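**Student:** Sequence:
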Amino acid sequence: MRTRKREGLIRARMLGAAAASGKVLTFLDSHIECNVGWLEPLLDRIRQNRTNVVCPVIDAIDDRTFAYLEAQTLRGGMDWKELKFEWRSIPSFQSLGRKDPSWPIISPTMAGGLFSIERDYFYELGAYDPELFIWGGENIEISFKIWMCGGRLEILPCSRVGHVFRKSQPYIFPGGAFEVFSHNTRRVAEVWLEDRYKKVFYALMPEALHIDYGNITEQLEFRSKCRPFKWYLENIYPDLGVPQINLQAVGEIRNLGQQDVCVDTLGGAHLGLWPCHGQGEHQSFSLDKSGVLKSGSLCVILEEGRDGEVLSVGLCKKENAIKFQHQENKELRELGDGSLTGRCLDITFGAGVQKFLKLNPCNGGKFQQWKFGLYL
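Per my numbering, residue 6 is the first one in the sequence shown, and the count goes up by one each step.
Hints should not be assumed to be uniformly reliable.
Across the chosen pairs, the derived CB separations fall in these ranges [what the hints assert, rightly or not]: (1) Leu307 / Leu33: 51 to 59 angstroms; (2) Gly102 / Ile177: 38 to 46 angstroms; (3) Gly369 / Ser295: 22 to 30 angstroms; (4) Pro96 / Glu226: 42 to 50 angstroms; (5) Glu212 / Leu261: 38 to 46 angstroms; (6) Asp34 / Gln359: 17 to 25 angstroms; (7) Ala182 / Asn251: 28 to 36 angstroms; (8) Phe361 / Glu226: 21 to 29 angstroms.
Quick caveat, the hints were computed from the structure, so don't treat them as lab data.
Only a predicted model underlies this, so the values are computations on that prediction, with no experimental measurement involved.
Using N, Cα and C, we set each Cβ at its ideal position, and we do this for glycine too.
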């Protein structure tokens with residue numbers, strides 16, 4: 006089969022699955038080499054239970070010499086920050102129950118490139134979300150589907166396939182790699198994580214808040230028939246844990262007096278105001294529970310300029326980082342030595358259309374009221 010245009014890995018797999026007539030679908034990347042006897046263990050495990058979804062152990066093939074390197078026997082895991090797949094050691098509570106090294110390894114997630122699944126079961130799970138682009142996140146999505154919707158995901162040590170792990174990607178992502186990956190992972194988070202866990206994801210990856218994830222009505226309808234993510238954490242991936250987030254709010258800081266205006270680093274050190282663009286970057290901030298306001302790893306600080314105090318971003322030092330007290334959609338009130346100073350973050354109007362960001366005496370006005378993109 007050849008598509009008329011570039012579809013990306015996810016949609017290409019969907020087209021291939023639709024054209025397939027066999028009872029079992031086996032997905033493989035193109036840059037792989039199957040080892041001796043790799044297929045039989047996969048098919049046998051599905052024969053035993055049609056809801057088993059099975060992966061081979063993935064050995065490494067050097068991308069320069071094509072030398073074949075045996076991989077450790079690991080299981081699939083996940084990073085909270087990007088819902089990104091990671092290889093993890095088999096935890097002791099699981100390894101103690103495996104009496105033979107040939108036994109299947111229960112895996113919370115799959116790498117995604119190599120696996121077998123019964124064809125009808127693939128479609129019972131809703132296949133891949135058709136609105137995921139190119140590749141990225143689809144492996145986590147289908148892993149969640151398998152476990153939360155009644156299936157079982159395993160890695161089989163008796164099946165081995167070599168994979169060329171490239172050091173760089175010989176292709177581009179239309180619209181940019183970050184945008185594509187964030188679109189995909191945000192769709193996965195919005196569908197499969199309850200609000201509590203979504204907030205953890207966004208706290209660790211606030212830039213994703215500014216990426217459009219499209220319509221998820223159909224995915225949410227399917228998801229409503231499955232177990233909650235809390236069940237997955239408790240029963241399938243208890244060793245993942247849930248990070249403790251020391252943040253109150255993340256994302257853009259929008260003024261309620263002029264709702265099209267956001268706090269912006271303006272590409273430099275000094276803080277200012279700019280029309281809200283929803284793209285994150287210079288308009289992405291975090292406010293921690295102690296009141297420290299940051300842009301990335303830099304703190305909002307107060308410096309002396311030619312015309313008095315200037316709000317800037319700089320290295321976080323105890324003596325210069327400003328702290329704020331803030332309630333949702335209210336003032337950002339300056340804290341000094343643990344008590345309120347009586348000053349609030351404010352818009353000051355200059356000549357013509359000029360607007361400046363200042364700390365002025367609190368007056369309860371709309372220009373001193375601010376809304377973050379997400380409250381945690």
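**Student:** Evaluate each hint against the coordinates.
**Tutor:** For each hint, the structure was consulted:
1. Leu307 / Leu33: 51 to 59 angstroms: holds (58 angstroms)
2. Gly102 / Ile177: 38 to 46 angstroms: Because 45 angstroms falls inside the window, the suggested range holds.
3. Gly369 / Ser295: 22 to 30 angstroms: Distance hint for Gly369, Ser295 holds at roughly 25 angstroms.
4. Pro96 / Glu226: 42 to 50 angstroms: Distance hint for Pro96, Glu226 is violated at roughly 34 angstroms.
5. Glu212 / Leu261: 38 to 46 angstroms: violated (23 angstroms)
6. Asp34 / Gln359: 17 to 25 angstroms: violated (55 angstroms)
7. Ala182 / Asn251: 28 to 36 angstroms: Distance hint for Ala182, Asn251 holds at roughly 29 angstroms.
8. Phe361 / Glu226: 21 to 29 angstroms: For Phe361 and Glu226 the Cβ distance comes to about 48 angstroms; the hint is violated.
Consistency with the previously given hints fails for numbers 4, 5, 6, 8, ordered from lowest to highest.
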